[in-house]
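Participant: Got two chains here, each in a separate frame; can you build the complex from them with the hints?
Chains as they are written, first to last, in numbering that gives the first Met the number 0: chain A, 0 to 298; chain B, 0 to 434.
Check each hint, because a few of them may be wrong.
[Unchecked claim] Under 8 angstroms between C-beta atoms, here's a sample of chain B residues computed to sit facing chain A: (1) Glu60; (2) Leu80; (3) Thr81; (4) Ile82; (5) Asn85; (6) Gly213; (7) Phe217; (8) Ala271; (9) Trp273; (10) Val274; (11) Leu291; (12) Gly294.
[As the list claims (entries may be wrong)] Rough simulated footprint, nothing fancy, chain B against chain A, three-plus residues with beta-carbon under 8 angstroms: (13) 63–69; (14) 233–241.
No lab work stands behind these hints, which were simulated from the structure alone.
A virtual CB, placed ideally from N, CA and C, is assigned to each residue, including glycine.
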Amino acid sequence: MSAPAPARPAPPPSSRRPDAVPSRGRGGPSPWSRTPTYVLTGGLVIIFLFPLIWAGVASVSPQAGTAQSEGWGLGNYETLVGYQAGVGRYLLNSTVVSGLVVVLTLGVSLLGGYAFARFSFPGKDLLFLLVLAILMVPYATLLIPLYVLLAQLGLQNSLVGLALVLTMFQLPFATFMMRISFEAIPAELEESALVDGCSTFGALRRVLVPAVKPGLVTVGLFAFLAAWNDFITPLVLITDSNLMPLPLAVANMRQQVMGIVDYGATQAGVTVLALPCVLLFLALQRHYVRGFMSGALKG
Amino acid sequence: MTTTPRTRRARRLVALLATGALAGLTACGSGGTAPTVSSDAGPEGVDDGTTLTLWTRAPLEAQAQLLVDAYNESHENQVELTITPNDDYVTRVGAAAGSGDLPDLFAADIVYVPNWTEAGLFADITDKIAELPEAGSINQGHLDAGTYEDQQYVLPFVLDLSVMFWNKDLYRQAGLDPEQGPTTLAEYEEQALAVQALDQEGVYGTAFGGNCGGCGVFTWFPMVWASGEQVMDEAGTESLLDGDAATEVYDTFRTLQEAGAVTPASRDETGATWVADFQEGRVGVMPYPATLLQGTSETVDVGVTPIPGVDGGASTFVGGDGIGISKDSEAPDAAWNFLSWLMSDEAQVEVLAANDVTPARTDLADNEFAQEDPRVQVINEVAGAADSRTPFAPNFQQAFNAPGSPWVTLFRNQVYGDAGTLEQDNEAITEALSQ
Numbered sequence: 000m001s002a003p004a005p006a007r008p009a010p011p012p013s014s015r016r017p018d019a020v021p022s023r024g025r026g027g028p029s030p031w032s033r034t035p036t037y038v039l040t041g042g043l044v045i046i047f048l049f050p051l052i053w054a055g056v057a058s059v060s061p062q063a064g065t066a067q068s069e070g071w072g073l074g075n076y077e078t079l080v081g082y083q084a085g086v087g088r089y090l091l092n093s094t095v096v097s098g099l100v101v102v103l104t105l106g107v108s109l110l111g112g113y114a115f116a117r118f119s120f121p122g123k124d125l126l127f128l129l130v131l132a133i134l135m136v137p138y139a140t141l142l143i144p145l146y147v148l149l150a151q152l153g154l155q156n157s158l159v160g161l162a163l164v165l166t167m168f169q170l171p172f173a174t175f176m177m178r179i180s181f182e183a184i185p186a187e188l189e190e191s192a193l194v195d196g197c198s199t200f201g202a203l204r205r206v207l208v209p210a211v212k213p214g215l216v217t218v219g220l221f222a223f224l225a226a227w228n229d230f231i232t233p234l235v236l237i238t239d240s241n242l243m244p245l246p247l248a249v250a251n252m253r254q255q256v257m258g259i260v261d262y263g264a265t266q267a268g269v270t271v272l273a274l275p276c277v278l279l280f281l282a283l284q285r286h287y288v289r290g291f292m293s294g295a296l297k298g
Numbered sequence: 000m001t002t003t004p005r006t007r008r009a010r011r012l013v014a015l016l017a018t019g020a021l022a023g024l025t026a027c028g029s030g031g032t033a034p035t036v037s038s039d040a041g042p043e044g045v046d047d048g049t050t051l052t053l054w055t056r057a058p059l060e061a062q063a064q065l066l067v068d069a070y071n072e073s074h075e076n077q078v079e080l081t082i083t084p085n086d087d088y089v090t091r092v093g094a095a096a097g098s099g100d101l102p103d104l105f106a107a108d109i110v111y112v113p114n115w116t117e118a119g120l121f122a123d124i125t126d127k128i129a130e131l132p133e134a135g136s137i138n139q140g141h142l143d144a145g146t147y148e149d150q151q152y153v154l155p156f157v158l159d160l161s162v163m164f165w166n167k168d169l170y171r172q173a174g175l176d177p178e179q180g181p182t183t184l185a186e187y188e189e190q191a192l193a194v195q196a197l198d199q200e201g202v203y204g205t206a207f208g209g210n211c212g213g214c215g216v217f218t219w220f221p222m223v224w225a226s227g228e229q230v231m232d233e234a235g236t237e238s239l240l241d242g243d244a245a246t247e248v249y250d251t252f253r254t255l256q257e258a259g260a261v262t263p264a265s266r267d268e269t270g271a272t273w274v275a276d277f278q279e280g281r282v283g284v285m286p287y288p289a290t291l292l293q294g295t296s297e298t299v300d301v302g303v304t305p306i307p308g309v310d311g312g313a314s315t316f317v318g319g320d321g322i323g324i325s326k327d328s329e330a331p332d333a334a335w336n337f338l339s340w341l342m343s344d345e346a347q348v349e350v351l352a353a354n355d356v357t358p359a360r361t362d363l364a365d366n367e368f369a370q371e372d373p374r375v376q377v378i379n380e381v382a383g384a385a386d387s388r389t390p391f392a393p394n395f396q397q398a399f400n401a402p403g404s405p406w407v408t409l410f411r412n413q414v415y416g417d418a419g420t421l422e423q424d425n426e427a428i429t430e431a432l433s434q
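If we strip away everything but chain B, and leave its shape as in the complex, we get (with noise of 0.2 angstroms):
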């Protein structure tokens, strides 16, 4: 890679410098006068040639820049996008809230979204939601993380769904049903061991990152979820992945583990190469992220389902990001025109589903792209079905997807070394949300 030790502990520092700033900004509370959507302005706000800034992470950049061409092309407002880096996009926002220089709009990963609108970053929309005559059908895992003491900030920009993946050749040559991918966590299991048994060089059931704590999260949340139990309660602070349905995705990852039927190269993976031995064909059946749907088909023939819970069920993370209003824009009601306009039949149809993007409305599911290719509907529906969940917590960064995070020591033992730790480890789960 093409960082050195020196500008990663670089950014740490200016990370932990920012960090500072939002702190302080925190302190000081929401005590600037944050800007409102004035409700005069009707519910698609004004379209009067403003030029607006839009900033948003480096993976997204496909999907935003798709947004905005769309938006430009066919508004007086022009939308700015701004691209960056993944790991500094935290830094450049702690940064800029500090100094009031926030652009008029920026996503953000969902995850991260109770945090910043706890700090008071985004502008209040609630009332504007509300005004939407698509309101009720909006993604309500990314709505629920956008709330905070009752206001809305944030609306769903793109979707990041995790589906079951499944390669339909080796499946083949396994003797299982190239149609039909696993339904229950057993399932999974006897599939991944099935074109394990093939015993080919370099190739293997299954494959996970045993090193990323996002992934687990990405991947294995759903399968509680799906078996109808909860990874936290309510407020965030505590962990639940002791529970008997957790408990069992373990069970299958280590049976997969002794068996010989997961990557070896799944043991040390931060996150970067985690789905690499699927797109090269070597992989019989893993959790994967949706997005990557059309990439993947290019070398493999790739099968979509839910990923199941222990008994069935179906069940997905709602990642990707939420966009809001900053609290520094100076037009808010132009800034607002374009979130209205993201929710509309024509952003999200005409632009994100013809790309192959999951609408964030559920009354779009099934739509005239995803008719063309049923692996689309699945993803879409699974995206709006009773047991997919966006998790949110103030600590969620610390607690799970941080290097070395309590999640990572936790799952890591559960597959590779004392199973024994469970309880303790999970305590230090819910040490690190209660901070």
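Just chain A, same shape as in the assembly (with noise of 0.2 angstroms):
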């Protein structure tokens, strides 16, 4: 009992897009007409981007109690270079973690994707509440119970035990966007890979995998960005200073006695957090925003 299959074929990914937004470029209106399209768009770029460029800028400024007091210069970043096990080494830990995550996430929803999309079998919706239940339950609830469950399995305080969570976590949206990312392929499109003599397993790879690759790309962007950036679930898995991630080692550098935040660390960290994220962003976003609207046309 596959989802209906589309009576007309889905569009090819990329041949209509451009039509969908008609394009004023070449040849369009005069100039005039398209200003408020900019000073909208301007503005809101300016929105968004200035609270990083701001905190790029106050990271090598000059500020009283931080470790750039006079002049400009890259004080916060020795400070940052400086802490601890040093930015390098929490950085790799950061990596390590998150590219795990995305490779545990990518593979569990692309096969339970594609079983919940294409097969049936007994229990097959009740399983698919049940993966969307870890949803359901405020994740730092689960926190402590996995924290002596994962000491039983020897499993604590390693980067992989804080993958396996992180994944676990990841699981409800990932499968959620996988099924619905194979239910938007045409039935058609695989029936006919089987009936050429491919297996089920041959079918996924030869045809179905490229098929939903902007459902990966978005599947894959998030447990990433997650993984990247989370701070609670390291925070109470990982006690050894050697294997804390970058948000953790930024969150103790910033804290100084009586409360005080040495901001200039801080806007340091960030910085060095957030350019990975960008970077990725800005290399995978013609994919990811596929990947929203494969969801989207399949209503």
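Facilitator: Rendered as structure tokens:
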């Protein structure tokens, strides 16, 4: 009982996109009619980018009470580099955890989404509900039991254990997203692959994975951002200073005696934290938007 | 700031759960077999290459790192340091205590120590402390805070004191003696008003954390002590913050506030930036954390004097962290080796004093490093002054430090609101303390 296949073939992913938004680029109306668009989008850009740019500027500007008390310079970054195990180590930890989370999330949600979309097996709806049920519980409440559980498995205080827990919290959205992605693909595509002699895994690998790529990118990027920025999970699960991911290290570093916050070091940390996310988003944003559209078009 | 309401809510949830775990632990009593430091290991414990774990909170990272590095270099035992954000430290310790995962050694904000000794998180080190040759000179405030039912559990790790800072440049401009800080509460008021009278753009007489309970505790309590009065009764269950000296303190700040001599930002200051204006040279005189002397001296010509009372006197809030051996330690003798070294001249002078941290022993106040800077000497001496205190109460956090605590309500009413509510506000603190 797969979802009703759309009668009309879904539009090829790339060809129609440019027409969707009427292009006013070349040979459109006069520049004047475009001005409101530019003002609006420009304003939005400023609103969204201002905090990021401000953090970057503040991290190198002089401020009393920080490592950069006189003149412009990289004093705050030196604090960051010299703090405990050093920023390189923390970046590495964050990268390892985020990478593992992305790989695990993609692997599980790809197979899970495929199964939920294309196969019928007893208890399918119940199982899907169960996956979604992870969303129903505020995740902070699960952390203490998980901490005890991981300790019994010998996985406490390890990046693998942390990645497993973060992956679990990603699964409801990821599986849901991948199910939608698979259901948006006409069943005929897969059936013809089977007729041509593909096994189900072969069809998945050769035909379906390329077709759900936008969905995979979306899921992967989401998992990466969530794992990269997560604070509370490593806070509870990681006790070794050398295994802390970067957000935890930055949170530690900004604090001084009597609740005073070192804003210079904080801004430097935020800048280093934000950079990979921004770059990744820029690199993948085209696929990312398409991933959401594929879900939306399915209706 | 980087915390979103979502993470804050998440954190609160975790904190709640951890407190639950801690409460469960307390209810069971210290039924488990707490480790004992064996007496035949000698006063210095064992140095046999054991790997020890040590937890502390983030604000004291610099000092803790110095100590750990120096210890690791000179000993077979190796200490691994773990830093936790201040706001989450209680959560972390609570969670670990519940699952029996506490490190060998852990430090705690000295005002939380009574709560944790009562919950049985530390091992009893009474006999070992008595064996120390330096036992008589260890900071009494910290030792008292770590004593529960006549047993001692905690030694001072790092001291964090409050003193009066003033900006010598602004004092010169205001025609005040730049080498002479306030010696009474009235002088503090006068000098703050004199700086305010300069009428410079953005320059104010004084500043304080107007919405920060911890800042108020840290800077105003010493004013009461220096006047010879107390803020709580012995047991820490009744608030005495409606006394004569306390009333004088509130009046002083109210007068300064009404004269416009307090930075406008003070009103909503929750603690993250309460010293920022002074660091930028825009405040004349204010009570201040002594640990920040070096950093602040980079931008401001700082004078230092003890916090005075109504008619003189000198006092400080002996804050900072105490450290003890945890109930879960498997190598208490090796852990004691770190603690006994911590109290030695080597650690206190060569590591702490050399880096301008106040030694935790009164006999070392006048050390070679302090002699280079008379301001450091002032700070060291006030740590052992008769009126200096480490206040403790089982419910200290809820009554004073927590956001929106009855203490915050009290002093905000006294400075900004209806000053007539002192008695009932004080009553509310007593209620919170005795819960």
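Participant: State for each hint whether it applies.
Facilitator: Each hint tested on the structure:
Annotation: B/Glu60 was flagged as interfacial toward chain A, and the flag holds, the nearest CB pair being 7 angstroms apart, inside 8 angstroms. Look at B/Leu80: its Cβ gets to within about 6 angstroms of chain A, closer than 8 angstroms, so that hint holds up. About 5 angstroms separates the beta-carbon of B/Thr81 from the nearest beta-carbon of chain A, less than 8 angstroms, and the hint is met. About 5 angstroms separates the beta-carbon of B/Ile82 from the nearest beta-carbon of chain A, less than 8 angstroms, and the hint is met.
Using the Cβ-Cβ criterion of 8 angstroms, the hint placing B/Asn85 at the interface with chain A is satisfied: the shortest such distance is roughly 5 angstroms. Interface hint status for B/Gly213: upheld, as the beta-carbon distance to the closest one in chain A is roughly 6 angstroms, under 8 angstroms. About 6 angstroms separates the beta-carbon of B/Phe217 from the nearest beta-carbon of chain A, less than 8 angstroms, and the hint is met. Of the supplied interface hints, the one on B/Ala271 holds, with its beta-carbon coming within about 4 angstroms of a beta-carbon of chain A, less than 8 angstroms.
Against a cut-off of 8 angstroms between C-beta atoms, the interface hint on B/Trp273 holds, since the closest Cβ of chain A lies about 7 angstroms away. At about 6 angstroms, the closest approach between the beta carbon of B/Val274 and any beta carbon in chain A falls short of 8 angstroms, and the interface hint on this residue holds. Against a cut-off of 8 angstroms between C-beta atoms, the interface hint on B/Leu291 holds, since the closest Cβ of chain A lies about 7 angstroms away. Hint status for B/Gly294: holds, given a least beta-carbon distance of 6 angstroms to chain A, under 8 angstroms.
Chain B is given as covering the segment 63–69 of chain A, and this holds because 4 residues of the stretch bring a CB closer than 8 angstroms to a CB of that chain, at least three being needed. Counting residues of the segment 233–241 of chain A whose C-beta sits closer than 8 angstroms to any C-beta of chain B gives 5, which meets the bar of three, so the coverage hint holds.
Of the numbered hints stated above, none is contradicted by the structure.
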